[in-house]
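**Q** Just so you know, the protein sequences line up as chains A and B, in that order.
Under the numbering used here, the first residue of the first sequence is numbered 4, with each subsequent residue one higher.
Under the numbering used here, the first residue of the second sequence is numbered 97, with each subsequent residue one higher.
Note that these hints are calculated values from the structure, not bench results.
Every value quoted in this text rests on a predicted model; they were computed, and no experiment measured them.
Do not take every clue at face value.
To be verified - Pulled a few chain B residues facing chain A out of the computed Cβ check, cut under 7 angstroms:
{"id": "1", "residue": "Thr318"}
{"id": "2", "residue": "Ser321"}
{"id": "3", "residue": "Gly325"}
{"id": "4", "residue": "Leu377"}
{"id": "5", "residue": "Gln384"}
Unchecked claim - No more than 20 angstroms apart at the CA atoms, straight line, and that leaves these computed lysine to aspartate or glutamate pairs for EDC-like:
{"id": "6", "chain 1": "B", "residue 1": "Lys327", "chain 2": "A", "residue 2": "Asp33"}
{"id": "7", "chain 1": "B", "residue 1": "Lys322", "chain 2": "A", "residue 2": "Asp166"}
{"id": "8", "chain 1": "B", "residue 1": "Lys442", "chain 2": "A", "residue 2": "Asp102"}
{"id": "9", "chain 1": "B", "residue 1": "Lys199", "chain 2": "B", "residue 2": "Glu143"}
{"id": "10", "chain 1": "B", "residue 1": "Lys322", "chain 2": "A", "residue 2": "Asp150"}
{"id": "11", "chain 1": "B", "residue 1": "Lys327", "chain 2": "A", "residue 2": "Asp166"}
{"id": "12", "chain 1": "B", "residue 1": "Lys206", "chain 2": "B", "residue 2": "Glu143"}
{"id": "13", "chain 1": "A", "residue 1": "Lys114", "chain 2": "B", "residue 2": "Glu382"}
As the list claims (entries may be wrong) - Computed footprint of chain B on chain A; a stretch qualifies when at least three of its residues, placed anywhere within it, have a C-beta under 8 angstroms from a C-beta of chain B:
{"id": "14", "region": "112-121"}
{"id": "15", "region": "216-225"}
For glycine and all other residues, C-beta sits at the position ideal for the given N, C-alpha and C.
So you can see what is in the structure, the chains are spelled out below.
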Amino acid sequence: MNGARWAVAHWPVSIRTLGSRLKNLPFTADSLDGFAVERVRDDYLDATYIEKIATQEVVSDPFGKEETIERITYKRSSFSLYGDFPHLEIKSTSRTNRDLTNKLLEVCNFKLSLVVPNVNPVRWIECLGPSLESPPLIDSLQISSLDVEPGVTAKVLLKGAKDVREALEHLAQKKTYTLDKIQAKVLLDSRQTTIQLSSNGSAKFGDDHVTTLRPALRAALKAAIG
Amino acid sequence: MFARNSLNLNSHAKMSKQNLLYCATDKEIYDVLMSAKQRIHSGVLLELGKDRKIFYSSSDSREDLIHQLSLLPHGYHELNIILEQREHAGRAEKVTSVTFNAKLTVDELKEIAKEYIGESPDDEKVTTFTKGADQVFVNVKYSDIDYGKTRLVQRTPKEAAIEFHVGEDKTVVRMPANAKAKEVLGKFRTKLETKRKEEVPFERIEISDFNSSEARTEFFTTLISKLEGFKLDNVTSVKVEPISKLASEDDLDLDDDQSKEEAKQEALALVKNVALKGETLLASEEYQSLLKKGFFITSIIWRSKLLTDPFPVVEFEAAFEEPELGKGFKYHVRGALNFSEGEYTKTLRPLEPADKEKYLAILEKTASSTVKTIRAELNSSTGDAKGGSK
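Generate coordinates for the entire structure from the input sequences, incorporating the hints supplied.
**A** Below, the structure written as structure tokens:
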């Protein structure tokens, strides 16, 4: 599963300046973390934040002899910075990207604000419609804070083989609720794929259409909020 | 030797006279039990009864239980149990440090400590010991008296551990950030100076000369991001204050009555400080907007990941006792999230004393070097400005 999450950011300097600052912090063979900058333009840049994680594992054999094995892993967080909304695109499905955001904060001399967008996922998928070959089929949907009766709320997951929006209307009966996530089946390059969209501006999708879906989802998010 | 012993006997006799025998009345026991609502709840009161083989009804109100318990006879042991119940569990005090910029020796400090022990007041119990070849510890046990409390809990036994870390050209003194430790250190310094017949220069971590909100905030942001051997992980709590207080000292008194009146009107809606709690707070829109309005950081709690195995995430706290003056830097290592079986523990675990000491030393070193760097930048920029105006 591939994915991305977007955020609103207020850059204190231009994208070009940010690019040169990132280039000044390159990931090298001796460093524990750093950036690999792929391209820098006036209105966007693509880069990867790399962290080297060296852990030690103690393995004891049946004779009681202990051996320490050093394991080195590299965590890569690819991202893009844009001059317009949504300003930050993190190309991963990881729940936390705190290491990257902390590093970006340092690069911006702690003068950076990041805000998670609040988007209606149904509106988002509707805005994606023009990029698709056929209308999307929302086959799963998660809502929360559904007012069942005074003082009682429900969190509901609807699943179906057809569009579940009709069932939601029937269930909610004009009561208030918060739409958290949706899952939709879409047709891309004559192949069906699944997309999950969340109200916090994050998306998950199959590995096959990463290059076409990611920019299309970004444009759709912009249209849905704008 | 004989004279010394007789002196000790005298002081013991004096002490026993001063340590008045105290008997708690039922009213005082009632007040103590009633005052600690969270710690001494109905469950605790029922247990206190059970200890005496008395089974009170769980449907009795807290007030009724306390009323009945307070009428029972209480000896030293029973009173101690009540006092232990209401004590705050381990809220560690923040520490502060002073650096003596002079070549001191362990023997010299030990001698002064012994002198101090000889002269210490009766309500203080002072002990001293050395650790390794370069550390002298002075432990002061004293009573903190708060007359605002009910009589039974007016006297709180406290401990101030003052550590002298002797270096080649300087000695770092680490101590609890409270008035008692400051008083003890003050006396130590006087004795040291009397003995040496010269002034012992010392420095504290202070940013009172940083007049801009940017410079004051930079102190904290540099401290959290440049901690040697650590990587910033999360900022969970931050307190900010507006810059206006700093500027007011330099204001020229040219205001007419009308503008003074306006200032009074503005003060009706004055924000003195804002405390934020959350995750990655420094990247939040709310914090950034306060920063743009001239607020600066006065206190911060953050987590940093140690870059060497076993990679604990250590929680630190740093603040100024007098935020507007930038004086009284105090700090604390609150605990750590340990990495085990592929994930970090959810709650903070206490640190090994050796690790805690190591991390405190790193924090002190980073704070001290940060102040020097920012001060040098400020001085060079003011120098440039003066040069430019000429």
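**Q** Against each hint, give a clear statement of whether it holds in the structure.
**A** Hints and how they fare:
For threonine 318 of chain B, the interface hint is violated, since its Cβ never comes within 7 angstroms of a Cβ in chain A; the closest pair sits about 9 angstroms apart. The criterion of a C-beta within 7 angstroms of any C-beta in chain A is met by serine 321 of chain B, whose closest approach is roughly 5 angstroms, and the hint holds. Among the interface hints, the one on glycine 325 of chain B is violated; its C-beta lies about 10 angstroms from the nearest C-beta in chain A, farther than the 7 angstroms criterion. For leucine 377 of chain B, the suggested interface contact is broken, since its CB lies about 10 angstroms from the closest CB of chain A, more than 7 angstroms.
Annotation: glutamine 384 of chain B was flagged as interfacial toward chain A, and the flag holds, the nearest CB pair being 4 angstroms apart, inside 7 angstroms. Under the criterion of a C-alpha separation no larger than 20 angstroms, the hint pairing lysine 327 of chain B with aspartate 33 of chain A is consistent with the structure, at around 16 angstroms. Using a Cα cut-off of 20 angstroms, the hinted pair lysine 322 of chain B and aspartate 166 of chain A is violated, with the two alpha carbons roughly 53 angstroms apart. Among the hinted pairs, lysine 442 of chain B with aspartate 102 of chain A is consistent with the structure: their alpha-carbon atoms are about 18 angstroms apart, no more than 20 angstroms.
In summary, the hint linking lysine 199 of chain B to glutamate 143 of chain B is not supported, as the alpha carbons are separated by about 57 angstroms, beyond the 20 angstroms threshold. Of the supplied pair hints, the one linking lysine 322 of chain B and aspartate 150 of chain A is violated, its CA atoms being roughly 49 angstroms apart against a limit of 20 angstroms. Taking the CA atoms of lysine 327 of chain B and aspartate 166 of chain A, the gap is near 47 angstroms; set against the 20 angstroms cutoff, the hint is violated. Note on lysine 206 of chain B and glutamate 143 of chain B: the hinted pairing is violated, with a Cα-Cα distance of about 48 angstroms set against a maximum of 20 angstroms.
The suggested pairing of lysine 114 of chain A with glutamate 382 of chain B holds, with an alpha-carbon distance near 12 angstroms, which does not exceed 20 angstroms. Counting residues of the region 112-121 of chain A whose C-beta sits closer than 8 angstroms to any C-beta of chain B gives 7, which meets the bar of three, so the coverage hint holds. By the rule of at least three residues with a Cβ nearer than 8 angstroms to a Cβ of chain B, the coverage given for the region 216-225 of chain A is violated, with 0 such residues.
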